[in-house]
Structures are given as structure tokens and as C-alpha cells.
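So the chains spell out like this:
2 protein chains.
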Amino acid sequence: MISICIIGSGNVAYHLFHAFLKSKEIEVRQLVTRTLKEDFPKDLQIHDYELIKSVDVVIISVSDDAIEKVASKVAHLNTLIVHTSGTSSIDVLNSCKRKGVFYPLQTFSKNKTIDFSKLPICLEAFSNEDAYLLEKLAKSISTSVHEISSEQRKTLHIAAVFVCNFVNHLYVIGEDICKKNKVPFEILKPLITETANKINYLNPKDAQTGPAIRNDSFTLYKHIQFIENEEYKKIYKLLTQSIQDVKKL
Amino acid sequence: MISICIIGSGNVAYHLFHAFLKSKEIEVRQLVTRTLKEDFPKDLQIHDYELIKSVDVVIISVSDDAIEKVASKVAHLNTLIVHTSGTSSIDVLNSCKRKGVFYPLQTFSKNKTIDFSKLPICLEAFSNEDAYLLEKLAKSISTSVHEISSEQRKTLHIAAVFVCNFVNHLYVIGEDICKKNKVPFEILKPLITETANKINYLNPKDAQTGPAIRNDSFTLYKHIQFIENEEYKKIYKLLTQSIQDVKKL
Chain A
5 MISICIIGSG
15 NVAYHLFHAF
25 LKSKEIEVRQ
35 LVTRTLKEDF
45 PKDLQIHDYE
55 LIKSVDVVII
65 SVSDDAIEKV
75 ASKVAHLNTL
85 IVHTSGTSSI
95 DVLNSCKRKG
105 VFYPLQTFSK
115 NKTIDFSKLP
125 ICLEAFSNED
135 AYLLEKLAKS
145 ISTSVHEISS
155 EQRKTLHIAA
165 VFVCNFVNHL
175 YVIGEDICKK
185 NKVPFEILKP
195 LITETANKIN
205 YLNPKDAQTG
215 PAIRNDSFTL
225 YKHIQFIENE
235 EYKKIYKLLT
245 QSIQDVKKL
Chain B
5 MISICIIGSG
15 NVAYHLFHAF
25 LKSKEIEVRQ
35 LVTRTLKEDF
45 PKDLQIHDYE
55 LIKSVDVVII
65 SVSDDAIEKV
75 ASKVAHLNTL
85 IVHTSGTSSI
95 DVLNSCKRKG
105 VFYPLQTFSK
115 NKTIDFSKLP
125 ICLEAFSNED
135 AYLLEKLAKS
145 ISTSVHEISS
155 EQRKTLHIAA
165 VFVCNFVNHL
175 YVIGEDICKK
185 NKVPFEILKP
195 LITETANKIN
205 YLNPKDAQTG
215 PAIRNDSFTL
225 YKHIQFIENE
235 EYKKIYKLLT
245 QSIQDVKKL
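From first to last, the protein sequence lines stand for chains A and B. So the first sequence is numbered by my numbering: it starts at 5 and just counts up by one. So the second sequence is numbered by my numbering: it starts at 5 and just counts up by one.
Careful: at least some of the hints might be erroneous.
Using 25 Å as the maximum straight-line C-alpha spacing, the simulated DSS-like pairs for lysine-lysine come out as follows [to be verified]: (1) A:Lys251 - B:Lys238; (2) A:Lys237 - B:Lys238; (3) B:Lys237 - A:Lys241; (4) B:Lys193 - A:Lys209; (5) B:Lys209 - A:Lys116; (6) B:Lys116 - A:Lys209; (7) B:Lys238 - A:Lys252; (8) A:Lys116 - B:Lys251; (9) B:Lys186 - A:Lys241; (10) A:Lys122 - A:Lys28; (11) B:Lys114 - A:Lys209; (12) B:Lys184 - A:Lys116; (13) A:Lys193 - A:Lys252; (14) B:Lys184 - A:Lys193; (15) B:Lys252 - A:Lys209; (16) A:Lys186 - B:Lys251; (17) A:Lys114 - B:Lys183; (18) B:Lys184 - A:Lys209; (19) A:Lys46 - A:Lys28; (20) B:Lys186 - A:Lys251; (21) A:Lys143 - A:Lys114; (22) A:Lys114 - B:Lys251; (23) B:Lys252 - A:Lys186; (24) A:Lys46 - A:Lys114; (25) A:Lys122 - B:Lys241; (26) A:Lys209 - B:Lys237; (27) B:Lys251 - A:Lys183; (28) B:Lys226 - A:Lys238; (29) B:Lys241 - A:Lys251; (30) B:Lys241 - A:Lys209; (31) A:Lys193 - B:Lys114; (32) B:Lys77 - A:Lys122.
None of these hints come from the bench; they were simulated from the model.
Given only the sequences and the hints, what does the whole structure look like? Please build it.
Structure below.
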């Protein structure tokens, strides 16, 4: 049994908390929140770092700019302290005696449940003992566990911004264009699913379709004329150019 | 039984041909190709428009700039002539006696099979009789059949470029960034799947996550510093700006 304490109440903390709660190998002993949060059990929440009980791992799941400050408040503990950030180096925990990273590579929204069983968890630790402990912790909720250095994690996080955050923004634009022209966005959902699904069979470069890769200049021209929003027009032109530039390589 | 003839041998023609071939309600009588194509049955292929037999529907599935010319070659027939384009208006078939549109809204690659059963098919016709015939044809392969005007179809196609072609290009960039930094792109696949899946539960605006929407300027700065490719850097900046602009609305 591994005992843990989670610090934070954001989307990542929320989903990790519930995943660990379901695992029989993990005891979630405490949750440190600033104020009482309704979406977590009342009896597990504390608001004072002094009250943290002895646990095997403390998981800091707060915004990047707050990690270092939070770490300094638990630095006196002999416990393994980890953060869950894709961006921050393991070094932001330098004040701690034992430090590590536990980065679940996924997009978390509170109102959407997540299947953790295949969710990639990227781990980093210094000692073999801590690496083993983190691996056990990660394997209690997922089968996809990876040793990833801070530098590799930075790469993954930047790539994730492109394939997740920016992709979702293109969905936002697609929906907006449909709404403004009174066409149901729903009709596009099978296309969105298939576009994501396809790269399990083809590499993305081979999966590219559409007027840009075909260099169908008449369609490209008509589309640019049609789009009214100046920012969307810029995005259309830049991504079209980039598709054509990659094709030339 | 509806008899059809397909003109073309590209990705759309290929997948439509195989979907119709499986349907018991449809007889694919002929396929017009420029030269003999190995990925279609030899005995169904003809290369001369003069040899087209009498059918209920002729489906022109060629590149946008060739539709009008191909249509003129079958304009003498009393048959319903349709094209499969997202971009072209129904008017490019003005030379034909009976005209329509049969637009399957999906991304087609030859090496990836497609489940047609829920694939949205957008139809346009002039007479009730032709609309009924097209509906029957579409329903023989899909349960998602929609009456869509040429203007609405243009909107859908532009939105599709954003949510499919541009999205796939972001996968290309994500893979490239991983490759250059020796991190396995595979680790990002569950994230890609979940990002697409999420909008079946949340609307895209509510599903947005990441440093841009959080206005995490330190992470944004570090990412921009890290990205070497100038075009990727431009895309990163423009999409970040756009996420933040949409948030303000």
C-alpha cells in the first residue's frame, strides 16, 4: 500500500485524486486545498501544510508558477515530493530532500471522465528507490508508464500543445464558422473522430488530405474569400503554407 | 435496385465504389477510369465515355477543376448526374439535364478503410424525384443523410479544412518536434484520441486547456524559445493569440 497526499484542486489534481481513490494499492490520506472544495470529500481536505501526515509520496499538482513556493512548504519532509507539470523541470523541487516528476500526459476537464488505464504517465526521479516507488504508484492506475527526462518532457509538452490545445482551437474555429453560417457542427464530428483515428494506421504525413496538399489553388482562393474573420483568414493562410512547405521536404 | 456508374479513380471514388459494392440495393455497373487501375475490378472499368450503359445515377468523383469538363461528356444522358465535391456548386453540372450533389463528408486515404454506416452524406438535388433517388442511394450505405445546399456545403467544407486537414497538419508538426528531439510520438496518441473524443461531451470552447487559455506567459515564452523551426514558431504564436482572443469574446 502506498500512501499519498495531493496538494492542489485543479483539473489534474481532481482526476488524479479520483483515479487513486479507485486503486486498491493506494491510500489517498490527505488533500491540501486553499479553501474547502465541494468536488472533493470534506474529511480528506486540509488547508494548512503543518497538518500534513506522514505519507510515502506528496504530489504537488498546482499551476507551474506556484510549484516552487508550495515545494518550499513541504521541503522539510523526508517524503518523496513530485510535481505533475509538463513544463517545469524537476529542479523546481530543489529545496526538497527527495524529488521527482509524475506527469500524466492527457487533457483534463472537470466535467469529462478519463480512462486512466492506458493514459501515459511520464516519470522522473533521482534514486533507484524513488524511481521504483513512482513506478509502482503509476502502475497502480495505468499500464502506460514511461521514464522521461525533464528535457524530453519539455518536448512532449510542446508537441502536446500542438496536437491537443491547438487542435481543440481549430475545433472552436470550425464550430464558429458553422454557427455563423447556420450549419450544424454535429455533421463534422465523424470527420473529427476519423482524423484522429487515422494516425493509428498511417503516419500523419501520409494521412494529409485537402486542398492545400493537392495545391488546389482555386478552392484555396475561394475559401480565403469566404472567411470573414481576419484572424481565421491568417490561420488558414499560414497552415496552408506550412502544409505545402512540409510537402516539399 | 439502383444502378450506378462512377467516374474517377481517386480516394473518394475508391471508397464510394467499395461501399456501394457491398450494398445489396446498389448495382455498380461501370467505372470510368482514364487507364486501367489495379485497385478496381478489371471487368467493370471502361475508358471511353461513349461506352457508358444506361444507369440510374452517374457519380462524377474527379478533382474540382475537372468536374465541368467531365459533366459535358455525359450531358446528353437522361440520367441523374451528381458530383461528390465539397467545394463545387451544383451549378458546375449546368450542362446536364438532371443534376445533383452526393458529398460524403469524410477524409479518405486509400490505405485506410472507412466505416460508412454513420458517415454523413450531404445531398442536393432540384426535383423531388431526384432528391428521393439520391436519398435512397445514400441510405443504402449510411444512416447519416442530410439535405445541404451548395452554400451550406461550402461552409461545411471550409470548417472541415480546419477540423481535419489543419488538425492533421498539427499532428505532422507534433510528430516532427518529437522526432527531432528523440521522443516517441506514440506517447501522444491517447492525448490525440481524447482531444477528439472530448467534444462529444463538451463544446470545443469549454474543452480548451493548456498554457494559452491559462495565459501562462512563462510557459508560452519557454515554448517559443524552444521551437527552432521558424514556421512552427509563427503557428505557435498565431494560434496562442487566437485562443486568447476567443477567450475575451
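Hint-by-hint comparison with the structure:
1. Taking the CA atoms of A:Lys251 and B:Lys238, the gap is about 18 Å. The hint holds against a cut of 25 Å.
2. With a C-alpha separation of about 14 Å, the suggested pair A:Lys237 and B:Lys238 falls inside the 25 Å cut-off, and the hint holds.
3. Of the supplied pair hints, the one linking B:Lys237 and A:Lys241 holds, its CA atoms being roughly 15 Å apart against a limit of 25 Å.
4. Distance restraint check for B:Lys193 and A:Lys209: the Cα-Cα separation of roughly 15 Å lies within the 25 Å cut-off, and the hinted pair is therefore satisfied.
5. Straight-line distance between C-alpha atoms of B:Lys209 and A:Lys116 comes to about 14 Å, which keeps the hinted pair within the 25 Å bound.
6. Of the pairs offered as hints, the one joining B:Lys116 and A:Lys209 holds, with about 14 Å between alpha carbons and a cut-off of 25 Å not exceeded.
7. Distance hint between B:Lys238 and A:Lys252 is fulfilled; the C-alpha atoms sit about 19 Å from each other, no more than 25 Å.
8. The straight-line distance between the Cα atoms of A:Lys116 and B:Lys251 is roughly 20 Å, inside the 25 Å bound, and the hint therefore holds.
9. A distance of roughly 30 Å separates the Cα atoms of B:Lys186 and A:Lys241; the hinted pair therefore is violated under the 25 Å criterion.
10. Among the hinted pairs, A:Lys122 with A:Lys28 is consistent with the structure: their alpha-carbon atoms are about 18 Å apart, no more than 25 Å.
11. A distance of roughly 14 Å separates the Cα atoms of B:Lys114 and A:Lys209; the hinted pair therefore holds under the 25 Å criterion.
12. Using a Cα cut-off of 25 Å, the hinted pair B:Lys184 and A:Lys116 is violated, with the two alpha carbons roughly 33 Å apart.
13. Between the alpha carbons of A:Lys193 and A:Lys252 the distance comes to roughly 31 Å, so the proposed pair goes past 25 Å and is violated.
14. The hinted pair formed by B:Lys184 and A:Lys193 fails the criterion: a straight-line CA distance of about 32 Å is larger than 25 Å.
15. A distance of roughly 34 Å separates the Cα atoms of B:Lys252 and A:Lys209; the hinted pair therefore is violated under the 25 Å criterion.
16. A distance of roughly 22 Å separates the Cα atoms of A:Lys186 and B:Lys251; the hinted pair therefore holds under the 25 Å criterion.
17. Proposed proximity of A:Lys114 and B:Lys183 is contradicted: the alpha carbons are some 32 Å apart, above 25 Å.
18. This hinted pair checks out: B:Lys184 and A:Lys209 have alpha carbons roughly 15 Å apart, not beyond 25 Å.
19. In summary, the hint linking A:Lys46 to A:Lys28 is supported, as the alpha carbons are separated by about 21 Å, within the 25 Å threshold.
20. Between B:Lys186 and A:Lys251, the direct Cα distance comes to roughly 22 Å. Compliance with the 25 Å bound is thereby established for this hinted pair.
21. For the proposed pair A:Lys143 and A:Lys114, the alpha carbon gap of about 23 Å is at most 25 Å, so the pair holds.
22. The hinted pair formed by A:Lys114 and B:Lys251 meets the criterion: a straight-line CA distance of about 18 Å does not exceed 25 Å.
23. Our distance criterion of 25 Å between C-alpha atoms is met by B:Lys252 and A:Lys186, whose separation comes to about 23 Å.
24. A threshold of 25 Å between alpha carbons decides the hint, and for A:Lys46 with A:Lys114 the separation of about 18 Å falls inside it, so the pair holds.
25. Among the hinted pairs, A:Lys122 with B:Lys241 is inconsistent with the structure: their alpha-carbon atoms are about 32 Å apart, more than 25 Å.
26. Among the hinted pairs, A:Lys209 with B:Lys237 is consistent with the structure: their alpha-carbon atoms are about 19 Å apart, no more than 25 Å.
27. Pair hint B:Lys251 plus A:Lys183 holds up; C-alpha atoms about 17 Å apart against a cutoff of 25 Å.
28. Taking the CA atoms of B:Lys226 and A:Lys238, the gap is about 24 Å. The hint holds against a cut of 25 Å.
29. For the given pair, B:Lys241 sits about 22 Å from A:Lys251 by alpha-carbon distance, which is consistent with the 25 Å threshold.
30. A C-alpha spacing of about 23 Å is found between B:Lys241 and A:Lys209, which places the hinted pair at or below 25 Å, so the restraint holds.
31. Using a Cα cut-off of 25 Å, the hinted pair A:Lys193 and B:Lys114 holds, with the two alpha carbons roughly 21 Å apart.
32. In summary, the hint linking B:Lys77 to A:Lys122 is not supported, as the alpha carbons are separated by about 54 Å, beyond the 25 Å threshold.
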